Structures are given as C-alpha cells and as structure tokens.
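Trainee: Listed below are the residues making up each chain.
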Amino acid sequence: MNWNLIISTFKMIVRDKQTLYFSLVFPVLMMVFLKVLFANTMINGVNYIDFVIPGLVGMSVMQLGVFAVAFVVAQQKEKGIIRRLLATPMRASEFLAAQVISRVVISVMQVLLLISVAILVLSFAMNGSFLALIVIGIFGSFVFLALGFVVAGLAKSVEATPVVGNMIIFPMIFFGDIFFSLNNAPKWVQTISDYLPIKYLVDSMREVVVEGSSLIDVKGEILGMAVWLVVLSFIAIKTFSFGTKK
Amino acid sequence: MLIIEVKNLHKNYGNVKAVQGIDFAVEKGEIFGILGPNGAGKTTTLEILEGLNYADVGSVTIVGLDALKQTQAVKKKIGVQLQSEAFFENLQLVELLDLFASFYRTKVNALELLEKVDLQEKAYAYYANLSGGQQRRFSIAASMVNNPEVLFLDEPTTGLDPQARRYVWELIKRIKQTGTTIILTTHYMEEAQLLCNRIAIMDHGKIVKIGSPEELIDSLLARHIISFSSDKYIANEDLRIIYGVKNVRKENGTFHLETEDPNATLYRLLQDSYNSKNNLSNLDIHRPNLEDVFIFYTGHTLRE
Chain A
1 MNWNLIISTF KMIVRDKQTL YFSLVFPVLM MVFLKVLFAN TMINGVNYID FVIPGLVGMS
61 VMQLGVFAVA FVVAQQKEKG IIRRLLATPM RASEFLAAQV ISRVVISVMQ VLLLISVAIL
121 VLSFAMNGSF LALIVIGIFG SFVFLALGFV VAGLAKSVEA TPVVGNMIIF PMIFFGDIFF
181 SLNNAPKWVQ TISDYLPIKY LVDSMREVVV EGSSLIDVKG EILGMAVWLV VLSFIAIKTF
241 SFGTKK
Chain B
1 MLIIEVKNLH KNYGNVKAVQ GIDFAVEKGE IFGILGPNGA GKTTTLEILE GLNYADVGSV
61 TIVGLDALKQ TQAVKKKIGV QLQSEAFFEN LQLVELLDLF ASFYRTKVNA LELLEKVDLQ
121 EKAYAYYANL SGGQQRRFSI AASMVNNPEV LFLDEPTTGL DPQARRYVWE LIKRIKQTGT
181 TIILTTHYME EAQLLCNRIA IMDHGKIVKI GSPEELIDSL LARHIISFSS DKYIANEDLR
241 IIYGVKNVRK ENGTFHLETE DPNATLYRLL QDSYNSKNNL SNLDIHRPNL EDVFIFYTGH
301 TLRE
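Same order as they appear, the protein sequences are chains A and B.
Note that our numbering gives residue 200 to position 200 of the first sequence, counting from 1, and the numbers run on in steps of one.
Note that our numbering gives residue 101 to position 101 of the second sequence, counting from 1, and the numbers run on in steps of one.
These aren't lab readings, by the way, just hints derived from the structure by calculation.
These figures come from a predicted structure and were not determined experimentally.
Using N, Cα and C, we set each Cβ at its ideal position, and we do this for glycine too.
Errors might be hidden in some of the hints.
[As the list claims (entries may be wrong)] Stretch by stretch, here's where chain B covers chain A in the computed footprint (C-beta under 8 Å, at least three residues):
#	segment
1	12-18
2	77-88
[Stated by the list, open to error] Here are the simulated EDC-like pairs of lysine to aspartate or glutamate, each with C-alpha atoms no more than 20 Å apart in a straight line:
#	chain 1	residue 1	chain 2	residue 2
3	B	Lys277	B	Asp231
4	B	Lys107	A	Glu94
5	A	Lys156	B	Glu85
6	A	Lys77	B	Glu85
7	A	Lys11	B	Asp98
8	A	Lys77	B	Glu89
9	A	Lys11	B	Glu95
10	B	Lys76	A	Glu94
I would like the entire structure built from these sequences, with the hints used as guidance.
Mentor: Shown next as structure tokens:
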C-alpha cells in the first residue's frame with residue numbers, strides 16, 4: 001500500500017477547485033434554491049425539501065464518483081501524466097487503490113458536510129443515525145467510482161468523457177427519484193428506475209435520514225448496490241486501461 | 001564495461017517500419033546520443049529500452065537485465081525523461097519528488113535534488129506554473145529520484161530557447177560527472193557534438209553510423225566544404241568535374257562542394273567564374289561538421 005500516493009491523491013482532489021465546486025458548492029446552492037422555491041410543497045407525505053435533500057446528497061456522491069474519476073483519468077492520460085508514471089515501477093493496483101481510497105474518504109466528508117449544512121442552515125430534520133448514513137455513502141461511493149472507471153475506459157478522449165458520462169448520468173438523474181417521485185409514472189418506467197444504482201443509494205439514504213431506518217431495514221438497497229459494484233468492477237477491469245504499450 | 005547492449009531490434013506499427021534491425025552498445029559513464037530527424041525511430045527505440053513499448057524482434061540488455069522481459073526490474077535502475085510528459089497538477093514540486101521516490105520504495109531529499117537543478121526557489125510551486133526550461137529541469141530531477149544508473153533523455157532541449165537549452169546542457173554535463181550513464185536523443189547537431197562521447201546517426205529506422213563526433217567527421221573523405229551562391233546558373237555536373245571535388249549538393253540556392261583539395265578547387269572555381277563574368281557570393285570554406293556527416297550518410301539534411 002503506497003500511503004504517499006493515497007495522501008497525494010487526496011491533496012490533489014481537495015486542491016481542485018472544479019471538484020470542490022461540483023461536489024460541495026453546487027449541491028448547497030441547489031438545496032437553498034429548492035428550499036426557497038418549494039417551501040410549502042409536500043411530496044409522498046413529507047416536505048419537498050426533506051424529500052429532495054437526500055436525493056441531492058446521493059446525486060453529489062454520484063457526480064463525484066463518475067465525473068471526477070473519468071475526467072481526471074482522461075486528462076492525465078492525454079497530458080502524458082500516466083505515461084510518465086508507467087516509466088516508474090509504480091503498479092497499476094497502487095494507482096487504482098489510491099484513487100478509490102482517497103475518493104471514498106472525500107465522499108464520506110461530502111455526505112457529512114452536505115447533511116450538516118442541511119441541518120444547520122435549512123433546519124432539515126435528521127431522524128436516522130450518521131453511522132448508517134456513512135456506511136451507505138461508502139457503498140454508493142464505491143459503486144459510482146467503479147462506474148467512473150467504466151466511463152474512463154469507454155471514453156477514448158477528454159472530449160468524449162462528458163458525452164459518455166452524461167449518457168449514463170442523465171437517465172439516473174431523471175429516473176432516480178432525486179428531484180421528483182416516480183410514483184405516478186408508467187409501470188415500466190418504475191421498473192427500470194427500481195434497478196438503477198442511484199435509486200438504491202437515494203432510497204436508502206432517504207429511509208435512514210427521513211424515517212430513521214436502520215441498516216438492516218435497507219439491506220435490500222445495500223444488496224442492490226453490492227451487485228452493481230461487482231458488475232461495474234468487472235466491466236471496469238475489462239474496459240479500463242492505462243494505454244500502456246503499443 | 002557495457003551497460004546497454006541492443007541487438008537486431010525491430011519494431012513495426014502496422015505497415016510502418018519504425019525500427020529496422022538496429023545494434024548498438026553503450027559504455028558505462030558515457031553520454032551516448034542518437035541523432036536523427038523526426039520520425040527516424042529514436043523515440044520508439046528509447047521507449048522499448050524503457051519498458052514502455054514492445055519490440056517485435058531483438059534483444060536488449062540493460063545493467064545485466066533482459067530489458068524486454070524484466071521490465072519492472074529495469075525500471076528500478078533507470079531514470080526516464082519522456083518527450084511529451086507532464087506531472088500531476090495541484091502538487092508542489094517537493095511533493096511530486098517525494099511521491100516519485102515512493103514508487104521506487106525509497107526516500108529522497110527533495111530540496112537537495114531541486115537545488116541540483118537550480119529550482120530550490122520553486123520548491124513549493126506547481127509544475128504547470130513553471131517556464132518551459134524549468135519544467136525540463138524539473139523532469140530531469142524527477143528522473144533522478146532513484147539515483148539511476150542509466151538516464152534516458154528523449155530530446156531534452158527540443159522547444160527551448162537558446163539560453164534555456166544551454167542551461168540544460170550544463171546540467172547534463174554535471175550529471176555525467178557523477179558517473180551516471182546518459183543516453184539521449186536529439187535532432188540538434190550542436191547538442192550532439194557538445195555533449196556526446198559517441199553518436200549513433202539514425203535515419204528511417206536504421207543506424208547508419210556510430211562513432212565519436214571526431215571519428216564521424218574524420219570518416220568523411222572530404223576534409224573541407226566550400227559553400228557559395230552564384231548569380232548565374234551552374235550545373236552540378238560542371239562543379240563535380242573540378243579537381244578535388246568529391247560531392248556537390250545544392251540547397252536553397254547555395255552550393256556545397258565537398259573537396260579534398262580546397263586550394264585547387266577554389267582556384268578553379270574563381271577562375272571559371274571570372275571567365276564567365278559570373279559573381280559568386282557568400283563564399284565560405286569550413287571543416288565538415290556533424291550536419292555534413294549526416295548529409296553524407298543519409299543523403300538529406302536533418303531538418304527534412
């Protein structure tokens with residue numbers, strides 16, 4: 001385990017203004033905006049803002065996992081940064097471990113920060129345990145990091161990355177129960193939605209923070225994420241490469 | 001003592017024959033240069049030696065290791081500067097050097113290493129904020145974190161202004177003095193002449209000649225080059241029959257005569273032009289340099 005690489009990767013992420021904006025500033029602004037806009041709206045028997053906050057937190061975990069990894073790796077490949085690393089005895093597993101570990105830690109911090117802002121600034125009622133929230137956040141982060149590596153593997157250039165990324169992210173935002181409930185949508189839409197990784201993440205977060213459910217109560221969602229993690233990791237291993245030798 | 005031995009190395013990219021059976025050996029402690037134009041196969045050769053590229057046929061031994069099979073072991077012993085490379089953004093130079101040292105499971109005094117390449121003042125700056133020359137010096141520092149036995153520099157001064165180039169040359173000379181073997185590629189004749197103990201002239205995937213700069217120049221039959229431009233048309237054939245002339249070439253309106261007897265050739269040249277009321281300008285006589293050697297062995301200039 002190369003701790004220097006893990007800590008360096010962590011520093012790089014924290015010092016990157018774009019990541020900071022998309023994973024923290026943007027979701028906070030969204031929360032405030034939606035709070036002002038839908039102050040008295042109810043959805044599924046709860047306040048809209050209480051419904052949408054877990055959704056936004058889940059979405060932020062997804063964005064950080066998918067886009068941060070895919071963009072960073074594509075850029076590092078294109079600029080010749082990865083090639084320079086390959087000229088050292090560094091192992092690919094060292095690089096991947098550092099990416100995953102540092103980004104999962106960042107994701108947990110992101111979840112805690114966003115929920116804290118919601119509680120302190122938007123008087124969000126947190127009914128569940130922070131520990132359960134963290135465990136779910138870690139699961140979600142792993143799933144979307146794996147998806148990030150799949151995107152990085154499929155997109156052959158920096159330009160192609162947002163195209164491939166958005167093709168995957170947009171359906172998840174619409175069909176993931178993030179901003180609105182799909183309770184009145186056609187049955188087939190609901191069926192597709194039910195198996196999306198983002199749905200598992202957002203649903204379990206919502207149950208924990210809004211209804212105070214325990215991890216046992218959301219074991220189905222956690223299992224769903226675990227299955228996605230295995231599948232996506234498998235695809236990532238098949239598609240992702242550093243572009244080593246010609 | 002030989003530190004690198006390359007035998008019968010071949011590499012194709014589809015139909016493009018990048019490297020076509022080259023052989024060379026590098027002595028411990030020398031600066032060995034591969035001189036050639038873009039597309040000659042220099043970078044491909046270096047990448048195979050560095051373990052970044054596969055060879056189709058051939059054998060490569062570096063510090064006693066089979067470099068085509070034991071790439072991981074070789075990487076630990078060598079330092080590498082790639083032609084188009086970059087380093088992580090958002091990490092300071094000291095952090096980058098510490099990180100690179102960690103890849104070799106070693107520790108490095110980053111400030112001391114930066115001092116060696118005169119970058120101590122930039123220790124806490126980011127790579128992207130350095131000038132071109134500073135970036136090149138930093139990448140040389142990064143290539144030395146593991147105290148390599150062999151240093152590979154792929155076109156270390158391409159794209160730098162003359163001042164920054166001289167700076168890097170001084171640095172390379174200093175590294176050589178510590179006993180490190182250096183193998184570099186270049187398409188600058190001046191760089192090869194100034195730095196290299198021995199030079200391999202490479203063209204179209206083949207090494208056409210190897211030797212010290214002096215040996216290469218001495219290998220030419222003609223000891224002098226007479227250059228001039230002419231107001232009136234002169235056929236190359238008319239120049240070729242002048243006494244002493246070994247070879248004639250015309251480049252951008254300037255004639256270059258390679259001659260063994262500059263006095264006789266010049267006398268006849270001036271006499272002919274006086275008789276035909278021609279006017280010769282920019283007349284110049286010089287000893288052949290590496291550029292002339294390159295043209296002699298490849299039939300074209302380095303820039304073509």
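Trainee: All the hints need checking, so say for each whether the structure fits it.
Mentor: Hints and how they fare:
1. 12-18: holds (count 3)
2. 77-88: As far as the segment 77-88 of chain A goes, the hint holds, because 9 residues have Cβ atoms under 8 Å from chain B.
3. B/Lys277 - B/Asp231: holds, 10 Å
4. B/Lys107 - A/Glu94: Satisfied, since the Cα-Cα distance of roughly 17 Å is no more than 20 Å.
5. A/Lys156 - B/Glu85: Between A/Lys156 and B/Glu85 the Cα gap is close to 19 Å, so the pair holds against 20 Å.
6. A/Lys77 - B/Glu85: holds, 10 Å
7. A/Lys11 - B/Asp98: holds, 14 Å
8. A/Lys77 - B/Glu89: holds, 13 Å
9. A/Lys11 - B/Glu95: holds, 10 Å
10. B/Lys76 - A/Glu94: holds, 16 Å
When held up to the earlier numbered hints, the structure conflicts with none and fits them all.
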